[in-house]
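Dock chain V against chain P, hints included.
Number of protein chains: 2
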Amino acid sequence: MAKRARSQEAKEEKAGAILDMAAEMFATKEFERIKMSEIAKALGISNGILFVYFKTKEMLFFQLLMREYARRLENMEQRIEKADIGNYDLFKKLVLEEMAVIIEDSDMYIRLVSIRGAILEKNIDLEVMIESKQWFYNRFKEVALIIYERCKVFKPDEIMEIFLVQESILVGCKLCSSLPKDVLNIIDKYQMEGFKFAFKDNALKTMSYYLDGMHQHD
Amino acid sequence: MAKRARSQEAKEEKAGAILDMAAEMFATKEFERIKMSEIAKALGISNGILFVYFKTKEMLFFQLLMREYARRLENMEQRIEKADIGNYDLFKKLVLEEMAVIIEDSDMYIRLVSIRGAILEKNIDLEVMIESKQWFYNRFKEVALIIYERCKVFKPDEIMEIFLVQESILVGCKLCSSLPKDVLNIIDKYQMEGFKFAFKDNALKTMSYYLDGMHQHD
Chain P
1246 MAKRARSQEA KEEKAGAILD MAAEMFATKE FERIKMSEIA KALGISNGIL
1296 FVYFKTKEML FFQLLMREYA RRLENMEQRI EKADIGNYDL FKKLVLEEMA
1346 VIIEDSDMYI RLVSIRGAIL EKNIDLEVMI ESKQWFYNRF KEVALIIYER
1396 CKVFKPDEIM EIFLVQESIL VGCKLCSSLP KDVLNIIDKY QMEGFKFAFK
1446 DNALKTMSYY LDGMHQHD
Chain V
1246 MAKRARSQEA KEEKAGAILD MAAEMFATKE FERIKMSEIA KALGISNGIL
1296 FVYFKTKEML FFQLLMREYA RRLENMEQRI EKADIGNYDL FKKLVLEEMA
1346 VIIEDSDMYI RLVSIRGAIL EKNIDLEVMI ESKQWFYNRF KEVALIIYER
1396 CKVFKPDEIM EIFLVQESIL VGCKLCSSLP KDVLNIIDKY QMEGFKFAFK
1446 DNALKTMSYY LDGMHQHD
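Chains as they are written, first to last, in the working numbering: chain P, 1246 to 1463; chain V, 1246 to 1463.
Isolated chain P, as found in the complex:
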């Protein structure tokens, strides 16, 4: 039993190291350009071993996203514990603060989310998918319930909806504001300020108005 536990632990450690390396590469390279063999090489393991841990590149990056989700939920739980979210304004403040942190620190998370449905989830084992989704769903629900208990403004399913919409706003604003430098220069030179779509400002503003509108309807 002890041996099995140790080996399980070692496996998880190895899987973690692989995820770390994938994250490191993803920071400077697009998903399409990363090769599994490159990850194996950087870790000094064989392709065969790598594929024992993650059957496909999509599977590897899907698990990386799952780890990011887990971290986000954990962070959120900790924030909620410390913060007063006893009314709508305080809840809104917390959501926008968390969103600002994501925008500043978690470019990887936003990029992973934007390829989730269209790329990652298309090439994953059904079993892994079911297990991950169920785990995440239950965890997500748990955190929504904690928020609901602390802040009775929105129902748990509304809270889940808010965070899914937040994801869409992050991905959409990121994509629509990712203008190449040449384009930004042109916008400045020809005074087309209306085209300047600053990612952070716009994502936060959109989320803020969305929350206000939702609250108004509730």
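The set of hints was computed from the structure by calculation and includes no laboratory data.
Since the structure is predicted, the reported quantities are computational estimates derived from the model, not experimental observations.
Treat the hints loosely; a few may be bogus.
If several chains are the same, the list does not tell them apart, and a pair holds so long as it fits within one copy or across any two.
Simulated pairs of lysine to aspartate or glutamate, DMTMM-like, Cα-Cα distance not exceeding 20 Å [said to hold, decoys possible]: (1) Lys-1400 / Glu-1438; (2) Lys-1450 / Glu-1406; (3) Lys-1426 / Asp-1370; (4) Lys-1259 / Glu-1394; (5) Lys-1450 / Glu-1342; (6) Lys-1386 / Glu-1438; (7) Lys-1450 / Glu-1349; (8) Lys-1441 / Asp-1402.
For chain V alone, kept in the frame of chain P given last:
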């Protein structure tokens, strides 16, 4: 002069036919998988001729998006002319109706927008870019001004912002709700309804709340 006009007309006709063919292929194929040579072949022209009209694949699809923008603005202008948008509720109704039409009929437009900044605008002649952007900006401003004159609720620059945010919501909700069939089956089977993120419903709801929040702040 007459001859030049005719030849200009013929050129525009040819360019239009190329854009039509690109649109047709894009309906069933992703941008990355479409080859310029394939488009040329389908039109019965040489690669050389195709590249006279559009120097790069990005340029071709950027112009296709520009054509879509032009059509959208024209449609919007026509709708505004016919509709009563004398107050916030009527303006909101018009925006949401137009958005529903985009979602139902213009999958191509949404897909083009989502690759605009990150792909298309990275490989375009500066001159073409400047000319297109300026034309679009002036046209966009014109329509925003018409809306403003008919409906004094939002200022012209707020109206432009609304339509840029609409673009982000469309792209974000589309990406986050594009779940493969397997995933949808799992969601149903394991009763994780909170993960069902219907594109049309959610995009319209998000936009509706966003507008209400914006109106509230105005």
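* Asked: What hints, given by number in increasing order, does this structure fail?
  -> Of the numbered hints, just 4 does not hold.
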